[in-house]
Amino acid sequence: MRDLGHAPRERVRLAPVIVDESRIIRIDVGLRPFRPSGFRVEREALGDKVLAHNYGHGGGGITLSWGSAKQAVDLGFDSSKPDCAVLGCGAVGLATAALLQQRGARVRIYAKDLPPNTTSNVAGAQWWPASVYDHDVITDAYRAQHVEAARFAYRRYQGMVGGGYGVEWEANYNLSNRPITTYPSREDSPMRALVANQRDLGHEEHNFGAPYVRRFDTMMIETPLYLRRMEADVRLAGAEIVVREFADVAQVRALPERTIFNCTGLGAGALFGDREIMPVRGQLVILLPQPEVDYNVIASEGYMFGRRDGIVLGGTFDRGEWSLEPDPDAIAGIIRGHKHIFGAMDVA
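Here the sequence shown is numbered in the working numbering, starting from 1 and rising by one per residue.
No lab work stands behind these hints, which were simulated from the structure alone. Mixed in with the good hints, there may be bad ones.
With a cut-off of at most 25 Å between alpha-carbon atoms, the simulated DSS-like pairs for lysine-lysine come out as follows [stated by the list, open to error]:
{"hint": "1", "residue 1": "Lys81", "residue 2": "Lys49"}
{"hint": "2", "residue 1": "Lys49", "residue 2": "Lys70"}
{"hint": "3", "residue 1": "Lys112", "residue 2": "Lys70"}
Using the sequences plus the hints, can you model the full thing?
Set out below in structure tokens:
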């Protein structure tokens, strides 16, 4: 586990990211399954079967996966009907399968794609539920559901730290040209309790070029390792995984399992007729790892996550865009923005 402790007023001398095109090891493009009203956990009848929905987490799928999985399992699982199907094998589907197994269910996962080819694999995976909903659309009931899911997930991931799942605590620095009041959370929000070690740094305490810097700690999830371990865990616990794509809901209804958990993400739009869900494309530039960069940065120019498997640079949010082809202009903008962030650091 990384050493996150900094004594008050101690100046933090962070190593800058070397932002150079020659260090790019890959470009990742993913489509966030976004619903303006927030993720959907809901139970309905599908003929003589139970269908429990658990999808639409936007940019917070990995963060919220355990929490919304618990809500879906609480809503849909009946121990007298232990045979369950889970549709989807990303972070949400795997967490749902794992919790079902802990309740005694016999689980079969059906998925078009398996790790490492899921949307979850290309997530930046800082533990914080960002870009999950539109603030002016959600209801009070959804707010409560969101906080409940986040609390459960926060505790669940803490139990995975240092256990070979690729989950570690990491320091985060929010950079701004004006006083920071709302990120990562407002002071009066119940989400504030899920932010550890937050404090605003004076200029003498850091070597960033920004006039305002807020530091806080959260977890990072190294997605390739995490998803491999999760898939291995559910298989070891007896889950069968079937590679299959469903053309329509009739094929879902024909499954032998009596209880079905829909964790199809963006696929729920076509399969179950959700007209609200939409893609929000995100593009990531992955640089060679720098072991000395063990922190994250969030700024107006973009964000950087210092993961062990590579330096993740991001910051795009293309609503309604379905293309998985990298946009050269967006990639150039990500590189340019991060050159500005790290070029402004005092390294003397």
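Hint check results:
The hinted pair formed by Lys81 and Lys49 meets the criterion: a straight-line CA distance of about 10 Å does not exceed 25 Å. For the hint pairing Lys49 with Lys70, the CA-to-CA distance comes to about 20 Å; that is within 25 Å, so the pair holds. A C-alpha spacing of about 23 Å is found between Lys112 and Lys70, which places the hinted pair at or below 25 Å, so the restraint holds.
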